[in-house]
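By UniProt numbering, the letter at position 180 of the sequence shown is numbered 180, and the numbering carries on one by one without gaps.
All the pointers check out, no bait thrown in.
What follows is a set of in silico ranges between Cβ atoms, one per label pair, in the way DEER data are often shown:
#1 Leu619 <-> Arg372: 57 to 63 Å
#2 Ala496 <-> Pro570: 41 to 47 Å
#3 Asp222 <-> Ala611: 56 to 62 Å
#4 Tyr115 <-> Ala611: 42 to 48 Å
#5 Thr606 <-> Val399: 57 to 63 Å
#6 Pro489 <-> Pro297: 20 to 26 Å
#7 Ala424 <-> Arg258: 24 to 30 Å
#8 Pro583 <-> Ala215: 54 to 60 Å
#9 Asp222 <-> Ala440: 20 to 26 Å
#10 Ile150 <-> Ala496: 54 to 60 Å
If you are wondering where the hints come from, they were derived from the structure by calculation, not from laboratory data. Think of the CB as a built atom: it goes at the ideal place given N, C-alpha and C, for glycine as much as any other residue.
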Amino acid sequence: MIRRRHSMVARTAIVALLTLLMLSGCAVKRDHYDTPQVPLPSRYANDAGNTAPDPSPDQREPDAPDLDNWWRLLGSETLNQLVDRALANNADLRIAAQRVMQARARAAQAKGGQYPEVSVPLRYQYEAPDEGIGDVPRGGDVETDETYQIGLRGDWRVDLWGELASLSDSASMELWRAIFEHDDQARRLVAEVVAAYVDYLALNDRMRVARDTEAVLAEMLDGMLTRLDVGDATTIDVEQERSAVYGVRADMPAIALRQAQVANRLAFLVGGVPDGLHLPRDGLNSLRLPRVRAGMPAALLLQRPDVRAIEARLIAADARIDVARARILPPLDLTAEIGYGSTYIEEVFMPHTVFWNFVANLSATVFDAGKRQREVDYSRAVHEEMIETYIKVIYGATVEVEDAFATISHSRERLQLQQVATDAARRAWVDSRDAYLAGAIDYLVWQNTARTYYRYLDDLYSFRGDMYKGQIELFSALGGGAPERAPLPGDGRRPARHLGSILVGEAAPVQVRDHWLPSGGWGTSDTKQQQQGRDQDDDQTQPQWLVALTGSHTRDGVEAMWRDLHNRYPAAVDGHALLAYKPTETVAPEGEDATWYRLTVERFHTRDAAAGWCQSVRLGQTRCDVAEFDPNLTVEGRFPWPDPLEKTLSGTTHGGHPAAPARPTAVRH
Numbered sequence: 001m002i003r004r005r006h007s008m009v010a011r012t013a014i015v016a017l018l019t020l021l022m023l024s025g026c027a028v029k030r031d032h033y034d035t036p037q038v039p040l041p042s043r044y045a046n047d048a049g050n051t052a053p054d055p056s057p058d059q060r061e062p063d064a065p066d067l068d069n070w071w072r073l074l075g076s077e078t079l080n081q082l083v084d085r086a087l088a089n090n091a092d093l094r095i096a097a098q099r100v101m102q103a104r105a106r107a108a109q110a111k112g113g114q115y116p117e118v119s120v121p122l123r124y125q126y127e128a129p130d131e132g133i134g135d136v137p138r139g140g141d142v143e144t145d146e147t148y149q150i151g152l153r154g155d156w157r158v159d160l161w162g163e164l165a166s167l168s169d170s171a172s173m174e175l176w177r178a179i180f181e182h183d184d185q186a187r188r189l190v191a192e193v194v195a196a197y198v199d200y201l202a203l204n205d206r207m208r209v210a211r212d213t214e215a216v217l218a219e220m221l222d223g224m225l226t227r228l229d230v231g232d233a234t235t236i237d238v239e240q241e242r243s244a245v246y247g248v249r250a251d252m253p254a255i256a257l258r259q260a261q262v263a264n265r266l267a268f269l270v271g272g273v274p275d276g277l278h279l280p281r282d283g284l285n286s287l288r289l290p291r292v293r294a295g296m297p298a299a300l301l302l303q304r305p306d307v308r309a310i311e312a313r314l315i316a317a318d319a320r321i322d323v324a325r326a327r328i329l330p331p332l333d334l335t336a337e338i339g340y341g342s343t344y345i346e347e348v349f350m351p352h353t354v355f356w357n358f359v360a361n362l363s364a365t366v367f368d369a370g371k372r373q374r375e376v377d378y379s380r381a382v383h384e385e386m387i388e389t390y391i392k393v394i395y396g397a398t399v400e401v402e403d404a405f406a407t408i409s410h411s412r413e414r415l416q417l418q419q420v421a422t423d424a425a426r427r428a429w430v431d432s433r434d435a436y437l438a439g440a441i442d443y444l445v446w447q448n449t450a451r452t453y454y455r456y457l458d459d460l461y462s463f464r465g466d467m468y469k470g471q472i473e474l475f476s477a478l479g480g481g482a483p484e485r486a487p488l489p490g491d492g493r494r495p496a497r498h499l500g501s502i503l504v505g506e507a508a509p510v511q512v513r514d515h516w517l518p519s520g521g522w523g524t525s526d527t528k529q530q531q532q533g534r535d536q537d538d539d540q541t542q543p544q545w546l547v548a549l550t551g552s553h554t555r556d557g558v559e560a561m562w563r564d565l566h567n568r569y570p571a572a573v574d575g576h577a578l579l580a581y582k583p584t585e586t587v588a589p590e591g592e593d594a595t596w597y598r599l600t601v602e603r604f605h606t607r608d609a610a611a612g613w614c615q616s617v618r619l620g621q622t623r624c625d626v627a628e629f630d631p632n633l634t635v636e637g638r639f640p641w642p643d644p645l646e647k648t649l650s651g652t653t654h655g656g657h658p659a660a661p662a663r664p665t666a667v668r669h
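I would like the entire structure built from these sequences, with the hints used as guidance.
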């Protein structure tokens, strides 16, 4: 009888398997999702005269910064450090990184939903009456019953129609969306930092012009007072000159106010407070002016992170259509359980208390008033909306590039004309001063030329700042400041990937030494001790302490943090190392390039030493906590201070001790 029952179970299982194979052929999930093709112009309408010829091969510098590091071509080490500090500490960028962490968790959750769920149910039941409600006759005694049960249970929703796979695809695209939104935040952040720094330098120039002009006018006023005493000048001339002096002096507080506001803005962008930011008194002459190469493809805009974020949303919406279509069809749920159960606890786990069961449930909806079909219609409408949004963002990016080209073109023309006007005003001012002192002209003519020259010179530096900001707008509109990532995963149609540099400088290219970390920092795995952030000769019996830095960072962010700590706390970091490790093992859409890392600083022999170090960097608004060393921690990268390369280049100090790390510099060739 038992053998016959087992054969029936086997036949039932075979029939169920064949049914599953037949039904799986009816899956509604598509095997690819396409990105729509958007017609773009072959060239930009306003780029004539705003691009530079392609340099010859012997003039190209393979190590020169590309579009993702375009600000380095400006040749300012202070600016490089400000951008590093912003990429490491900016609040909005850190918030965007945490949104990536949220999306990573959701993507991993969706992927896990495709697999069976296994549980261990423990059950105790106390019931009266033992045969169920209504079983006790009138006047009878109520008897109780106890049941003990333990088992192993598996539940699995078979993805017949591709619903769960489509959900996973959609969640993966939402993860990409979060990654690109993080990249876009970095793009806009870099542009804001550079623009604010240019504003500050232009204000330095304007303040210097105001002070120089005030000094000349004040000297002239002193001379006129002397001439007034001997009767060679009139009171009207003196008061007119006094008015000119104090008019210029009145401009200085307005310029100083604007400087303070720009400095405060920069402090906020780099994740600090104004008290901790020290800016130079340099002018715009401290910057170089890079340009883009001629023949730049308009399709480059398809790699902008905000465009790619919409692209990811579009594909996610396309996958949601398959989810909605699959939910119209009947789901198949499988449940299997095996275990022990008895009314006596001492008999649990005895052979005769074994039980098992298997349930396959295929439930079809007969009537839902069109609710599920309307969900399909809704998903399709969302997808159509994303297509229109995708096209809108691309064309909007095209307009931004055209506007930037137009700004550069007209700013250059205005600057050239203003330079001519300023030179003429200076000559008129010098000649009129000599003529006035010789008595050939009256004072009002000289004063008018002085005011004109001052105004034109002030405008000249403002226009120079506008010229730089036009270039900044262009680099940002082209997607500069964000890493170039591979096409989105999947077999569908994707925009072509643009490779190669589009930037050139008006002078020779710049080789930037401070862009990379010490060689071998990533993937250190020579020994287990090195991979875990220790040296081989460490005393394994001593407890080790770390300082955990807050936030999650990309590889670029890790490198920016290393440089930022190196630049701001050279004495504090000397002899320590920055460790980068993955916070969780979740879905990685693009391998290491799209992996986020947690950071710690090693190593401290006592908790007090770690706490003191943490407190010292907190004064510079670097947030941190003390953590005990985990011997099982696998570190993805270890980056010591000082840079071993710098130690090799700079040698050692007297006594054999390592020399202090040299400040990274931009080396011109």
